[in-house]
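**Student:** In case you want the letters, here they are:
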Amino acid sequence: MPKIIPVPDELSQPFWDAVNERRLIVQNCIGCDRLQYPPGVDCRVCESATGVEWKEVEGKGHIAAYIVIEDGRLNRRMPDQPYNLALVTLDEDPTVNFYSNLPGTPPYEVPVGAAVEVTFEEVAPGQLIHEWKVVE
Amino acid sequence: MTSSNDFQWRRDRDGLGVWEHRGNVAVVGYGHSPVDRRWDGVDLDSSLGAYTIMACEKAMEQAGVTIDQVDGIVCCDSHIAGGSGGTASQWAPRPYFDPPYDSEYGLTLINAQWLINTMGFKNVKFAPTGVPTIGEMVGMASQAVGDGVCSTCLVIYPTGNMEGRYRRGGENADDYARGARQWTVPWGNHGGNDFINIFPHRQYLMKYGGEHEDLVHFVRNQHKNGMLTPWGYNATHNIQPISVEDYIGSRPILNPLRIWDCDRPVNASAAYVFTTAERAQDMKSQPVYVLNHSQHNFAFRTTQPDLDEVEMWTDRQAARMYEGAGLGPADVDIFNPYDGYSIMTQFFLEGFQWHGVKRGEALSFYAGDITVKGPHPFSSSGGNLGNGRTRTAMYTDSIEQLRGTAGDRQVTVRAETALCAFSTPSSGGWLMLGKYPS
Numbered sequence: 001m002p003k004i005i006p007v008p009d010e011l012s013q014p015f016w017d018a019v020n021e022r023r024l025i026v027q028n029c030i031g032c033d034r035l036q037y038p039p040g041v042d043c044r045v046c047e048s049a050t051g052v053e054w055k056e057v058e059g060k061g062h063i064a065a066y067i068v069i070e071d072g073r074l075n076r077r078m079p080d081q082p083y084n085l086a087l088v089t090l091d092e093d094p095t096v097n098f099y100s101n102l103p104g105t106p107p108y109e110v111p112v113g114a115a116v117e118v119t120f121e122e123v124a125p126g127q128l129i130h131e132w133k134v135v136e
Numbered sequence: 001m002t003s004s005n006d007f008q009w010r011r012d013r014d015g016l017g018v019w020e021h022r023g024n025v026a027v028v029g030y031g032h033s034p035v036d037r038r039w040d041g042v043d044l045d046s047s048l049g050a051y052t053i054m055a056c057e058k059a060m061e062q063a064g065v066t067i068d069q070v071d072g073i074v075c076c077d078s079h080i081a082g083g084s085g086g087t088a089s090q091w092a093p094r095p096y097f098d099p100p101y102d103s104e105y106g107l108t109l110i111n112a113q114w115l116i117n118t119m120g121f122k123n124v125k126f127a128p129t130g131v132p133t134i135g136e137m138v139g140m141a142s143q144a145v146g147d148g149v150c151s152t153c154l155v156i157y158p159t160g161n162m163e164g165r166y167r168r169g170g171e172n173a174d175d176y177a178r179g180a181r182q183w184t185v186p187w188g189n190h191g192g193n194d195f196i197n198i199f200p201h202r203q204y205l206m207k208y209g210g211e212h213e214d215l216v217h218f219v220r221n222q223h224k225n226g227m228l229t230p231w232g233y234n235a236t237h238n239i240q241p242i243s244v245e246d247y248i249g250s251r252p253i254l255n256p257l258r259i260w261d262c263d264r265p266v267n268a269s270a271a272y273v274f275t276t277a278e279r280a281q282d283m284k285s286q287p288v289y290v291l292n293h294s295q296h297n298f299a300f301r302t303t304q305p306d307l308d309e310v311e312m313w314t315d316r317q318a319a320r321m322y323e324g325a326g327l328g329p330a331d332v333d334i335f336n337p338y339d340g341y342s343i344m345t346q347f348f349l350e351g352f353q354w355h356g357v358k359r360g361e362a363l364s365f366y367a368g369d370i371t372v373k374g375p376h377p378f379s380s381s382g383g384n385l386g387n388g389r390t391r392t393a394m395y396t397d398s399i400e401q402l403r404g405t406a407g408d409r410q411v412t413v414r415a416e417t418a419l420c421a422f423s424t425p426s427s428g429g430w431l432m433l434g435k436y437p438s
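So the protein lines, in turn, are chains F and C. Read in this note's numbering, the first sequence has 115 at position 115, and its numbers run on one by one without any break. Read in this note's numbering, the second sequence has 139 at position 139, and its numbers run on one by one without any break.
Any given hint could turn out to be false.
Unchecked claim - Dumping the calculated DSSO-like pairs for lysine-lysine here, alpha-carbon to alpha-carbon at most 27 Å: (1) 133/F <-> 373/C; (2) 58/C <-> 358/C; (3) 373/C <-> 435/C; (4) 373/C <-> 358/C; (5) 60/F <-> 207/C.
These are calculated hints, taken from the structure and not from any lab test.
Kindly generate the complete structure, drawing on both the sequences and the hints.
**Tutor:** Given below as structure tokens:
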């Protein structure tokens, strides 16, 4: 069953455009030089008036923790149950994290602490989302 | 009537000092409706409106307050105990009935205006709209009474629940993820405190040791305390405490989160009467005094809060509350934190360091004697897990413990101060009550 399809808005359009080009970008605060994801109008840490800019990142991370969704509330994902939901930290700034279903990793068999790298998955014609795969 | 939505009432910053109205505001009454699993959509005697009227009448009766004396109404008017369910928590439109049940108000929504019209309050001068959940409402009412915005204030918290699986439908049935959901829903996070807290909980177990199943001691104790709470769902429906085997074998939801780690949505309403300490002296019931209220609403720095963030947030909640109350961990006799999901309560216990519990020690604390008759009567209310998702057991139990009227739940240790909350690590509020004003 396909995943739920993100709907870009004014703020997120550059992000999803990059994802559709198989690139991962996040915001970088001009004031405090911290990375930020999900994007915001301002930096959530320093709220600097100097603003944020987009920055491409390498797309490498590690699995911090995971759960297995067995009885979620999202209709479209129910046929996938049980499935992994992992918390992935970005190597370039581990305070930035992402969700991942860890494609290729069976439910309950998640190697916590393992290295992962970004990959991209089509959820609708022309719309990709960023996913993460365990590095063998 | 004057509605004051501009009223500055929040104590949601660090370093605010001792609350200026400490001990000058009192709670003088409470009332609970029956707690049903669901409303059937037909019986108007058990609608959320009927139950809210019942709760208000009980609270006023206990306090000895007449309708004409009430000059403030603080009522949460959101769906099913808060807006966190988004459109998935809305049941309208539906066929309506004769007045006062000719709209959604009175059936699954309650607001101050509906109560004023239906119950005939004539002297209400403070009836804000857009009222938050009870974790913050009690602070709003306390500040309003302390500041003289009103002098006798009803605080009302209805929690509706109807037929069908909880929060299925609406946004959760959508194939698309809009707004903030575009960052969570494609991977399966439907949003809510189960997801917010399960990852920090997993990290907690990795950092400090222990197994998820160690929560069974806490969950069972909540069930036992719930059976000692005469108005709660468990006691009124004879829901006996689960066994260890029941817990371990129960249905996984967000594995390792199980069904018994989650509270049971209910259809119920509760009301409290807040007034000045001075007026409280002439009222029918024994007052308990508000020693501080505090709120918090911490922004997530990234997609998912982690353990470090949750521990920092709960440390800050504790610092705000203790500073404002002029008290420390050793001064708190009754501790009723929120337990809507069992996985979050340890963060509060350790953050507030109740009975000296430090970071990483909660699970071993749970395995000790936390019964109401023991030396560490943790969460003597039974909370949501023991009473259903009313989110009010923590407040009512705290009042009763300080009054000495908790019946079979009455603790045997000193009961002169009580800390209670509907709060998650990221948002909500705390209330410190005292048997004495200072």
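**Student:** Each of the hints needs a verdict: does it hold here or not?
**Tutor:** Comparing the hints with the structure gives:
1. 133/F <-> 373/C: Roughly 52 Å separates the two Cα atoms, so the pair is violated.
2. 58/C <-> 358/C: Violated, at about 40 Å.
3. 373/C <-> 435/C: 20 Å, holds
4. 373/C <-> 358/C: 23 Å, holds
5. 60/F <-> 207/C: 23 Å, holds
Comparing the model with each earlier hint shows violations of hints 1, 2; every other hint is respected.
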